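Please model the entire structure based on the sequences and the hints provided.
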Amino acid sequence: YPRPSGEAYVAGFSDPAVVVTEPPGAVQVRDGVCDRLEAGARRLSSALRAASHCGRQSCYLPWTADEFPAIGRLPDVGGAYVCAGHGCWGILNSLASGLGLSELILDGHATSVDIRPFDPARLLHADDPTWAVHGVP
475 YPRPSGEAYV AGFSDPAVVV TEPPGAVQVR DGVCDRLEAG ARRLSSALRA ASHCGRQSCY
535 LPWTADEFPA IGRLPDVGGA YVCAGHGCWG ILNSLASGLG LSELILDGHA TSVDIRPFDP
595 ARLLHADDPT WAVHGVP
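Using our numbering, you'd call the opening residue of the sequence shown number 475 and step up by one each time.
I should point out that these hints are in silico values taken from the structure, not numbers from a laboratory.
Here the structure is a predicted model, which is why all the values come from computation and not from measurement.
Check the hints yourself; a few may be wrong.
Okay, the calculated beta carbon distance ranges per label pair [to be verified]:
| no. | residue 1 | residue 2 | range |
| --- | --- | --- | --- |
| 1 | Glu541 | Glu496 | 36 to 44 Å |
| 2 | Ser488 | His599 | 18 to 26 Å |
| 3 | Glu512 | Ile579 | 25 to 33 Å |
| 4 | Pro478 | Trp563 | 19 to 27 Å |
| 5 | Ser479 | Asn567 | 19 to 27 Å |
Every residue, glycine too, gets a C-beta built ideally from N, C-alpha and C.
Take a look at the structure:
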């Protein structure tokens, strides 16, 4: 991800899905993974071959069970809406997601973008009535 400052962020190598147990800021940076990313970036980009790196970090990406964002009204929870689970595409899709959700909240339906495929109700299991207590999968 090139930045206006001339820096480039290199990201990748997602792990299998897990339940997050670390508190924010306590995710461990795995140097071996960072080394692989750095080596790949240097191999693929002549501009990055001699570049120095200024930091390393790790984070969890919020995905839903089907890897599509959840955007819309939460069923059976009056006045509750959600717009989450975009994974690494959250920043890129934030404006369209926010616009669609704001139209849904204000007008009862989205007109600028079709958010119907992202309805959070698709993630709910009819045989699990406790989702509102334990969270959407």
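query: Quick one: are Pro478 and Trp563 within 19 to 27 Å, going by C-beta?
result: Between Pro478 and Trp563, where Cβ atoms are some 20 Å apart, the hint holds.
message: Against the range 18 to 26 Å, how does the distance between the Cβ atoms of Ser488 and His599 compare: consistent or not?
response: About 25 Å separates the Cβ atoms of Ser488 and His599, which means 18 to 26 Å holds.
message: 19 to 27 Å was suggested as the range; check whether the CB atoms of Ser479 and Asn567 agree with it.
response: For Ser479 and Asn567 the Cβ distance comes to about 23 Å; the hint holds.
query: So does Glu541 sit 36 to 44 Å from Glu496, Cβ to Cβ?
result: Given range 36 to 44 Å: violated, Cβ gap about 22 Å.
query: Do the beta carbons of Glu512 and Ile579 sit within 25 to 33 Å of each other?
result: About 43 Å separates the Cβ atoms of Glu512 and Ile579, which means 25 to 33 Å is violated.
The structure fails hints 1 and 3 (numbered hints given earlier, in ascending order).
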